[in-house]
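These are the residues of each chain, in order.
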Amino acid sequence: MIAKRIIPCLDVKEGKVVKGTNFVGLRELGDPVEMAARYSEAGADEIIFLDISATNEGRQTMVDIVRETATNVFVPFTVGGGVRSIDDVNRLLKAGADKVGMNSAAVKNPELITESSERFGAQCTVVAIDAKRVGDKWHVMTHGGSKDTGIDALEWAKEAEARGAGELLLTSVDTDGVKDGFDLSLTEAVVRAVRIPVIASGGVGQPEHFPEVFNQTDVSAGLAASIFHENTFTMKQVKDSCIQQGVNVREA
Amino acid sequence: MIAIVDYGMGNVASVKTAFQNLGYQVTITDDIEELQHASHIILPGVGSFKAAVEEIRQRQLLEALQQLATEKPFLGICLGMQLLFERGYENGESDGLAIIPGTVEQIETDYLLPHIGWNQLQVALDDDEWNQFEGNHVYFVHTYQAVSESKYLVATTDYGTTIPAIVQKGNVYGMQFHPEKSSEVGVQLLKKFMELTT
Numbered sequence: 001m002i003a004k005r006i007i008p009c010l011d012v013k014e015g016k017v018v019k020g021t022n023f024v025g026l027r028e029l030g031d032p033v034e035m036a037a038r039y040s041e042a043g044a045d046e047i048i049f050l051d052i053s054a055t056n057e058g059r060q061t062m063v064d065i066v067r068e069t070a071t072n073v074f075v076p077f078t079v080g081g082g083v084r085s086i087d088d089v090n091r092l093l094k095a096g097a098d099k100v101g102m103n104s105a106a107v108k109n110p111e112l113i114t115e116s117s118e119r120f121g122a123q124c125t126v127v128a129i130d131a132k133r134v135g136d137k138w139h140v141m142t143h144g145g146s147k148d149t150g151i152d153a154l155e156w157a158k159e160a161e162a163r164g165a166g167e168l169l170l171t172s173v174d175t176d177g178v179k180d181g182f183d184l185s186l187t188e189a190v191v192r193a194v195r196i197p198v199i200a201s202g203g204v205g206q207p208e209h210f211p212e213v214f215n216q217t218d219v220s221a222g223l224a225a226s227i228f229h230e231n232t233f234t235m236k237q238v239k240d241s242c243i244q245q246g247v248n249v250r251e252a
Numbered sequence: 001m002i003a004i005v006d007y008g009m010g011n012v013a014s015v016k017t018a019f020q021n022l023g024y025q026v027t028i029t030d031d032i033e034e035l036q037h038a039s040h041i042i043l044p045g046v047g048s049f050k051a052a053v054e055e056i057r058q059r060q061l062l063e064a065l066q067q068l069a070t071e072k073p074f075l076g077i078c079l080g081m082q083l084l085f086e087r088g089y090e091n092g093e094s095d096g097l098a099i100i101p102g103t104v105e106q107i108e109t110d111y112l113l114p115h116i117g118w119n120q121l122q123v124a125l126d127d128d129e130w131n132q133f134e135g136n137h138v139y140f141v142h143t144y145q146a147v148s149e150s151k152y153l154v155a156t157t158d159y160g161t162t163i164p165a166i167v168q169k170g171n172v173y174g175m176q177f178h179p180e181k182s183s184e185v186g187v188q189l190l191k192k193f194m195e196l197t198t
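Residue numbers (full-length UniProt numbering), protein chains in the order written: chain A, 1 to 252; chain B, 1 to 198.
This is chain B alone, in the form it adopts within the complex (with noise of 0.2 Å):
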């Protein structure tokens, strides 16, 4: 069973749909014994840093995430991704999740910001896993980029700067885009992510 976690940022109907289609059984909860049944932890999310973070000490979620994250598969995605990283600088300066290091900081290009739209992965790791979705477009949709060490960084994107697209530190894997709207690649984005961890 997949745990989607609910913390009331953002619909997660087609996330858990696209789960489904793979053939998953997929549960979203905000209840920390069924997150840890579960076999997989996704952390969804839309909306600013600081109220996610907000949010998920509300529910007192956050010492629980930081132990799932140890334990088990899991997976941000967009503002889930970023929570992952140890600080973020949207509407004032705020705590992460500290799963990964590194700071959520405002995109500097001269392109447009929100950066909104598919964009092309590049592949940072010589990996097999990875090296098919070279040059794919998923879709982004943020303003705010994880600013991290290169030996976590699994693909990018270019957006005038170079801006993490996937990450991974162990079995914690983030996505910067949504797979859930990257239409088939992000479906076999999905995919992978499950593959390598189940």
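Next up, chain A with everything else stripped away, as it sits in the complex (with noise of 0.2 Å):
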């Protein structure tokens, strides 16, 4: 049986892991390239780095950082933020990116998805969702969760798979940083209006929220950022409390 994936989030600014995604207060945690190695030997299924840097430096950094990456973990890696086009897609995937997450840019143009599905593949094609509750819908929102698209989140997740992408990474900005746990509702309707695999993330506090999760929605992986930071959790303590918990995980 194919088991759940329990993914560390890295974020990434001008080639340093930082703490904190709201831009404020921003904390280095550390070298992107042996903490994700860290990961993977601890029992990471696989590594989501996320590009928050505001330079092309940053970005151009970023392309050394995966190719170190590739030489390195051992275990799949996604690279997303600030992928603007075909040929952002081409150069991580070229320097061994294994999948690339498009975020804005998709949305902004939706083409995007289609075309890096039709030349790479919907393997490495994974479109990222940042959904908020407006109501009894969820919009699609841009510019890091401070934008409403307007946009049906729904919709959007199955125009997403329609065109191509192989995996959706799905973010609530509702639970985000809020350590209280998943989305549940979001995750839950997402997961049932696709056939393609949806990556869950925001709102992990405790490593009991990963099997909530999986028990309470179809979802096929749970990300999670600052508490596998500062050692807060092991990799362990999620993967053992996912099989207390009946969940199927590789052990870590």
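For the record, the hints were derived by calculation from the structure and aren't laboratory data.
Please read all numbers here as calculations on a predicted model, not as lab measurements.
A virtual CB, placed ideally from N, CA and C, is assigned to each residue, including glycine.
Wrong hints could be hidden among the right ones.
Unchecked claim - Away from chain B, derived, C-beta distances all over 10 Å, residues of chain A:
1) G15
2) S53
3) N56
4) R59
5) Q60
6) V63
7) V134
8) K147
9) T149
10) E155
11) D176
12) E188
13) R192
14) E208
15) D240
16) I243
Unchecked claim - Label pairs and their computed distance ranges (CB to CB):
17) A42/A to E93/B: 38 to 48 Å
18) Q244/A to T162/B: 23 to 33 Å
19) E129/B to K108/A: 50 to 60 Å
20) Y111/B to E34/A: 33 to 43 Å
21) E93/B to R84/A: 31 to 41 Å
Taking the hints as your guide, dock the two standalone chains into a single complex.
As structure tokens, this is what we get:
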């Protein structure tokens, strides 16, 4: 049986892993390649780098990080953040990324999904969706969750799938940073809307939040950032918690 | 010297490093002479079956690879494993390398496609060399699978249907998953391939 995946996310700014996504009071945590290698050895099923660099130099540095990661980390890794064009996708895949995540650029130009999927395959085309509850629906948010596009998140998920996305990285803007668990209703709604794997993101504060989302929805993977940094919780604690709750995971 | 066939389909840095970490010398090449001098041939690949075959033909490697597979230990990884078979049906029908009898068809399952993630090996042979890998998780990412005779199956995985995970015919092996992305288990599988063929 296929295992549920636990994925640590590393926010990378100008070549360093940083803590905090609100761009205020960012703190450097370390070297991305070293941290990715450490997580993979600890049992991470995959690694996601989110490039939040503001400069071209920073984005170029990300390509170097990808190249180095490809020769040091033996689990799959995805790179997202700042992917604007098919050339960006190509550059990151060439450098050794297994998958590339696209977010705002895909909302602005959905053809980017189609092009990436046709040229490089669905398996490396990940569409990241930031969603926020608005009334009885969820809207797609861009610009780090600050701008409401008015687009229905479930419709957008379906369109991403139809255009050839191989996977969706779904972040709940409502639960992100709250540390009270994944957004179960959003996750379940999106999982039911599509037939491709979905990665849930946003809201993890305790290891138990992983088995909760796996037992209450059919989501394929869960992502967390802060609980893994600074050894708040280990990968093993998360996986043990999953095993105790009857979730099939690859043992750490 | 291990030679990884370079035909422009996917990044092979991790495959190269994985073998290097095991202590082998590795080259990445599409030069036929260099391939002929290698001890082992690794055929990697990410992308579509049809595009891969076209790329191999364009580089005039098709017959060379077929010949090398009769002479040397040969390992196809992911798409590289699929290419070992006679025919593929991704983006229309196209001929493969026809080294192992069988075809490559879309996975028929009630589960989600692509088949992405860590799935468990079920060893099909009663063989001490492979039994140690029973139940181990390896990383898959694919939508098409080999359809072949059971005598070529070393291990399978269950995804609502039985998917060939490791195949073998003589000195030619194929792994549908990515050993170079399968952490320590993947490294051990590459090591096993080298031990069995060296």
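Hints and how they fare:
Against the 10 Å criterion, G15/A stays outside the reach of chain B, whose nearest CB is about 19 Å from its own CB. With a minimum CB-CB distance of about 22 Å to chain B, S53/A clears the 10 Å threshold, and the non-interface call stands. Against chain B, the non-interface label of N56/A holds: every CB pair exceeds 10 Å, the least being about 23 Å. Non-interface status of R59/A relative to chain B is upheld: no Cβ of that chain comes within 10 Å, the nearest being about 19 Å off.
The claim that Q60/A is not at the interface with chain B holds, since no C-beta of that chain comes within 10 Å of its own (minimum 18 Å). No Cβ of chain B approaches the Cβ of V63/A within 10 Å, the least distance being about 12 Å, so the stated non-interface status holds. With a cut of 10 Å on Cβ distances, V134/A stays outside the contact zone with chain B, its closest approach being about 28 Å. K147/A, annotated as away from the interface, keeps every beta carbon of chain B farther than 10 Å; the closest lies near 30 Å.
Against the 10 Å criterion, T149/A stays outside the reach of chain B, whose nearest CB is about 26 Å from its own CB. At the 10 Å boundary, the C-beta of E155/A stays outside the reach of chain B, the nearest C-beta of that chain being 19 Å off. Every C-beta of chain B lies more than 10 Å from that of D176/A, the closest at about 24 Å, which supports listing it as non-interface. Distance check on E188/A: its Cβ is at least 15 Å (rounded) from any Cβ of chain B, clearing the 10 Å threshold; non-interface status holds.
The Cβ of R192/A lies farther than 10 Å from every Cβ of chain B, with a closest approach of about 12 Å, so its non-interface assignment holds. The beta carbon of E208/A sits about 21 Å from the closest Cβ of chain B, which is more than 10 Å, so the claim that it is off the interface holds. No Cβ of chain B comes within 10 Å of the Cβ of D240/A; the nearest lies about 16 Å off, and the non-interface call holds. With a least CB separation of 13 Å from chain B, I243/A remains clear of the 10 Å interface cut-off, as annotated.
Look at A42/A against E93/B: about 45 Å separates their beta carbons, and that is inside 38 to 48 Å. Judged by the Cβ atoms, the range 23 to 33 Å given for Q244/A and T162/B holds: they are separated by roughly 30 Å. Taken as a hint, the range 50 to 60 Å holds for the pair E129/B and K108/A, whose Cβ atoms sit roughly 53 Å apart. Judged by the Cβ atoms, the range 33 to 43 Å given for Y111/B and E34/A holds: they are separated by roughly 36 Å.
Between E93/B and R84/A the Cβ separation comes to about 37 Å, which falls inside the hinted range of 31 to 41 Å.
The structure agrees with every numbered hint stated previously.
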